[in-house]
Amino acid sequence: AQTVTQSQPEMSVQEAETVTLSCTYDTSESDYYLFWYKQPPSRQMILVIRQEAYKQQNATENRFSVNFQKAAKSFSLKISDSQLGDAAMYFCAYRTGLSGGGADGLTFGKGTHLIIQP
Amino acid sequence: DSGVTQTPKHLITATGQRVTLRCSPRSGDLSVYWYQQSLDQGLQFLIQYYNGEERAKGNILERFSAQQFPDLHSELNLSSLELGDSALYFCASSVQPRAYGYTFGSGTRLTVV
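Chain order of the listed sequences is A and B.
Quick note: to get the numbering used here, add 103 to the position in the first sequence (first position is 1).
Quick note: to get the numbering used here, add 21 to the position in the second sequence (first position is 1).
Read the hints as simulated data drawn from the structure, not as lab findings.
Don't take each hint at face value.
Cross-link-like lysine-lysine pairs, in silico, PhoX-like; alpha carbons within 25 Å at most [stated by the list, open to error]:
hint	chain 1	residue 1	chain 2	residue 2
1	A	K158	A	K176
2	A	K173	A	K158
3	A	K158	B	K78
4	A	K213	A	K173
5	B	K30	A	K181
6	A	K213	A	K181
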């Protein structure tokens with residue numbers, strides 16, 4: 104079974120600065136997808152960014168980018184120019200790439216609470 | 022609005038009771054997933070349905086059950102409720118292809134007193 108580990112329960116960053124959230128995962132699969140979800144105080148789960156394992160290029164969405172190191176099984180999220188609205192829980196998640204009739208649910212890490220200091 | 026609708030948003034009930042949580046997936050999505058998020062926990066996968074059929078089970082208690090109906094909406098039934106069942110219950114539906122991940126509903130906050 105796959106596991107996802109987020110080793111930073113809480114991170115704090117000054118507004119406008121850059122912060123990196125860490126995520127490692129364990130899998131024997133070669134085809135899979137990785138995601139970062141944001142959960143603000145409203146508790147809504149919001150997809151921030153996704154990465155296909157077969158793509159070497161790191162995904163980028165505006166101020167959010169990832170550092171995907173497949174061999175190291177590492178998938179960190181970098182937030183540039185941090186804004187007050189970025190304050191939230193951030194969850195790293197893994198999804199198998201296997202096709203067929205099997206399960207394709209997400210496996211989540213326990214989350215990192217990001218605090219933005221004004 | 023994510024397109025995934027969960028009702029009710031809040032539910033308060035007593036121990037020993039039974040409740041039903043409802044989820045309508047995004048239009049066109051065939052897969053529905055249920056997750057439980059307790060106070061100090063991440064999201065725990067409960068169960069997955071695809072086009073009316075159960076596809077996978079996670080850490081779902083025997084007191085819990087679910088089903089997906091022909092119109093693709095899903096219901097999660099929680100019975101003999103205990104204080105520890107108090108949690109946020111999320112439903113998500115899957116966008117195809119797989120790479121796009123899930124779209125989550127806003128959750129149902131269940132409080133057992």
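Hints, verified against the model:
no.: 1; hint: A:K158 / A:K176; in the structure: holds, 14 Å
no.: 2; hint: A:K173 / A:K158; in the structure: holds, 10 Å
no.: 3; hint: A:K158 / B:K78; in the structure: violated, 30 Å
no.: 4; hint: A:K213 / A:K173; in the structure: holds, 21 Å
no.: 5; hint: B:K30 / A:K181; in the structure: violated, 33 Å
no.: 6; hint: A:K213 / A:K181; in the structure: holds, 18 Å
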